[in-house]
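Work out the full structure: start from the sequences and follow the hints.
Protein chains: 4
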Amino acid sequence: MSIDPSQQAEIDALRAHSTPTRRATVPALEEMLYQAIPVLDHGFVRVIDYMGDDGAVVQAARVSYGRGTRKVSEDAGLIRYLMRHRHSTPFEMCEIKYHIKLPIFVARQWIRHRTANVNEISARYSILDREFYLPAPEQLAAQSSINRQGRGEVLDDAESARVLDLLRADAMQTYNTYVHLLNENADGTPADPDRSGLARELARMNLTLNTYTQWYWKTDLHNLLHFLSLRADSHAQYEIRVYAEAMLKTVDAWVPAVAQAFRDHRLGAVTFSAPMLAILRRMLAGETVDQAASGLSKREWTEFQATLKG
Amino acid sequence: MSIDPSQQAEIDALRAHSTPTRRATVPALEEMLYQAIPVLDHGFVRVIDYMGDDGAVVQAARVSYGRGTRKVSEDAGLIRYLMRHRHSTPFEMCEIKYHIKLPIFVARQWIRHRTANVNEISARYSILDREFYLPAPEQLAAQSSINRQGRGEVLDDAESARVLDLLRADAMQTYNTYVHLLNENADGTPADPDRSGLARELARMNLTLNTYTQWYWKTDLHNLLHFLSLRADSHAQYEIRVYAEAMLKTVDAWVPAVAQAFRDHRLGAVTFSAPMLAILRRMLAGETVDQAASGLSKREWTEFQATLKG
Amino acid sequence: MSIDPSQQAEIDALRAHSTPTRRATVPALEEMLYQAIPVLDHGFVRVIDYMGDDGAVVQAARVSYGRGTRKVSEDAGLIRYLMRHRHSTPFEMCEIKYHIKLPIFVARQWIRHRTANVNEISARYSILDREFYLPAPEQLAAQSSINRQGRGEVLDDAESARVLDLLRADAMQTYNTYVHLLNENADGTPADPDRSGLARELARMNLTLNTYTQWYWKTDLHNLLHFLSLRADSHAQYEIRVYAEAMLKTVDAWVPAVAQAFRDHRLGAVTFSAPMLAILRRMLAGETVDQAASGLSKREWTEFQATLKG
Amino acid sequence: MSIDPSQQAEIDALRAHSTPTRRATVPALEEMLYQAIPVLDHGFVRVIDYMGDDGAVVQAARVSYGRGTRKVSEDAGLIRYLMRHRHSTPFEMCEIKYHIKLPIFVARQWIRHRTANVNEISARYSILDREFYLPAPEQLAAQSSINRQGRGEVLDDAESARVLDLLRADAMQTYNTYVHLLNENADGTPADPDRSGLARELARMNLTLNTYTQWYWKTDLHNLLHFLSLRADSHAQYEIRVYAEAMLKTVDAWVPAVAQAFRDHRLGAVTFSAPMLAILRRMLAGETVDQAASGLSKREWTEFQATLKG
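Protein chains in written order, with my numbering: chain A, -9 to 300; chain B, -9 to 300; chain C, -9 to 300; chain D, -9 to 300.
What you were told as hints is all true, and nothing was included just to trick you.
Repeated chains share a single entry, so a pair holds when one copy, or any two copies, can fit it.
Subject to a maximum C-alpha distance of 30 Å in a straight line, what follows is the list of computed DSS-like cross-link-like pairs (lysine-lysine):
| no. | residue 1 | residue 2 |
| --- | --- | --- |
| 1 | LYS61 | LYS239 |
| 2 | LYS288 | LYS61 |
| 3 | LYS299 | LYS288 |
| 4 | LYS299 | LYS239 |
Rather than coming from a laboratory, the hints here were simulated on the basis of the structure.
Have a look at this one:
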């Protein structure tokens, strides 16, 4: 339900068209190009354009005249080395552009990543669609009792049905008011000729934060991976994590060697502080260390133990 | 009503305290420091900290060991020269930090200015107050018929009263649902012990876009002036323009020579395209030029005429 | 002489290869792709990759599902409107990557444009080639007497020959010392086995600022145009202006509608301050205004007159 | 020798002057303010201005109306938590401005950190001083045989004396040519009235990369720490590391709680990849793992072992 038939027809028209290019091309990403990957109940992620491939990272690291590549295994080794030692500039040489449809409260979290280019539909200019995010029942959970910014136990069926009814009712109500305030037919004529209607830039203030918006979002591979390392992480809010997971799949298709290095050296990596490293060395030398003997605060000790146990 | 007594007490405590510093200090801005300047019905702008003054621009332009200043008139002349020729880096050497309370739909427009540092209260973590923006009646206007993203005629009294009733009712309704969903007393205990409540990161989605949020916003003087040139402009939406105007007053107090140069060379300045300049020269040479003879499109001609007439 | 045969062979290999893509493709830029455009005596500019075209600007401005384009004339009109009103974000949706060879003193000026991705060859890691910039005789000029950061009269033939001899001799001398200090054969063995050689990261400090370096430089179209508006300007130093001019030609090929709008509304445009605009209106109303009556400073009046006369 | 008496007099005049302020003030940093910390043979680092303190990080994290601080130990705990979990935005709320004198080849490495504001003296506009970096003998070393971008063994006395003679002679020679080409007395009159002299923007190209330049460099605390984590690291080139170490001392004075958290959680921290973490867990469970059994590449294994041994 995220794409209507006329939109799909526009997408199909783009996908049907192919031209020759001398640029680096990635067949696995071409296969996905323009197609909407559904996310949440009405959202999506679409790759609109891309620049570069695994080889472009190598080419930039070597500032080469040609492709800069040697053997596949050597290239992958160089990419792992660059990733491990946080040599970030070669990864900035690849670029990707997405079209994304997402709830406004997710967009507000997302936009805090500043190193990207963004064009969002303007509700000063356009009328937003009657589409708002309603969580799946299994996503409705109570406040976490241990994490002040997380979720705890999932609601039972009766309670989640009741919550969804409340969310749906308020979203419908505020959207109906929005439409009433605008007082516009699809052709721009007034719905009720006896009222003047309210300017779009004002009427939009009545919408709830689960209303869907859309934007074009373009960034380089280095900044994309930074975004994914924070948002595909288990501590990220579910509603943004599902977008990050969809995008990570496009990265797998686009730059497989970079994606593998990212999973090993960033997404699955852990960092130990200097005091933690000292304790680790004592433990590897056979010593048994407890919190008291560690010198760590209770909180740091708990995090340390959690990391070691996995 | 934007600041409650306990908040004002915290502000007063900060204002009562003074320490000596070797840094450049601006008495006129010190006078404003921490104090809330009211904006809209519940919002405000507060200067929290600043770095540099008019002299710091001069000092950086001259890469000097001391203050870098000469006579006041020479410094002002240099500042005007830098502003006129868009030598932007010396203006980046001053920095200012604001605490701002603003409706979410304004925050969403504001955040598009990426070259700033931002810390916003998180509704994943905290519960937002029951405060939402309701426009003053004279700000309620119909959609502009000539500008697709602007306002036209102000609504009549009866209509504006009706619109305000609708906006208020929906905001109250959605906020009440929000509180109900959270199911939390002020001390964190459940309001209704028989319900589990909904996680904050989810409940927030039911709020409307006129709900107030707050952030710390810090930027350098160059980027602040860029923000002001766009947002203190008559084409900016009223609800963000009033913030820009309040901030422009703080710039007047902080860096008066820069502020004057900005008003002359940026805020009140106009740009003519190459074709427009060619026409201007013909006109100054005595020729009468109309649109047909100008070579400009109708839209460009209209804009050109509007600029010349003022 | 900027590209040697083995480098040209690598370039030719890239140019010989073509694959189909669903992405927007620009035949005129494909024709230039990878080929080195010579600049100065040993430098060049090469387009390595690009993303988007004129249509991508329109597509982003409309946040569309398909190409977003209507009639060519409507698209060009929209692009001109966006350019004129400094709606910069749609232009950020196109991206271009160059390989550039340039003297170090030019690179130092260039790098001040921070909104770009850069990978430069490292003289910690590699040995720089024996290539340094020697100006053409007609570019050797005395210090300007009116502009503290510009050139005045061109040197006469005898003097320019003498200057070139001095520059060449010093560059040769310091490069020879550099090679001597490195003490490395091409295969990495010591040239003189009785000496230990100096680390590359130290030996490089002996090179002069006209030594050539190379980098990959990638930026979006908005920031590229900002760079070009400053560096293709007549006030820019000749040695960076020629790079900007070469790049402007690639923009003409890549996004012709954007390039035309840029030439009209940015490169050839002029800005008048608020006081200047007031005077302009008096002049158009038939009044004769001189500096005394203008209220402008002498310097501002001179600049104003220069703009009006062209 | 990095500061001459007239410059020191300007600095002393600034230091002698004190005014009251309501802003957060840090006495330990005030004590250092404006004073040059010598670095290398002619370079220095001077703190010119600062905004914020440890408390400002806490204040921003809490988006508070007052200072936002609770007990010192709670604040330090919050700062450690933010540092550990890479919540970077509160650290962006502090800002610092330095005046730095440094060799050009160091400046070229430094400027790759783009998230900072920079004003450098312009050799188009000014004449650079006869000051160039000559390493201390114990810093002259051969190319490393194991690290393609590092130093190996220190040169013996005779060889280092010879190298310094070569570096000094070339720097003197090229600087003398530079002066000759400029043909300017201190008052701007021609040194030799029969020659026209060469424009400054051209003559500068004859200088070597160890010539000293100067800039004002301003950044926020988050980006400063990122700079320091890379440049105060043992893999950084000595000539930039000594600047980073001098700056780290100013951070200790300015924001002691942040500095301690940075040393523990960033500077002394280590990151293990997902495969390394898996091996670590096997080792802690008592298993003996060697490279063959680890699944790591030789290079990754060597790095892993080096980290564990320290």
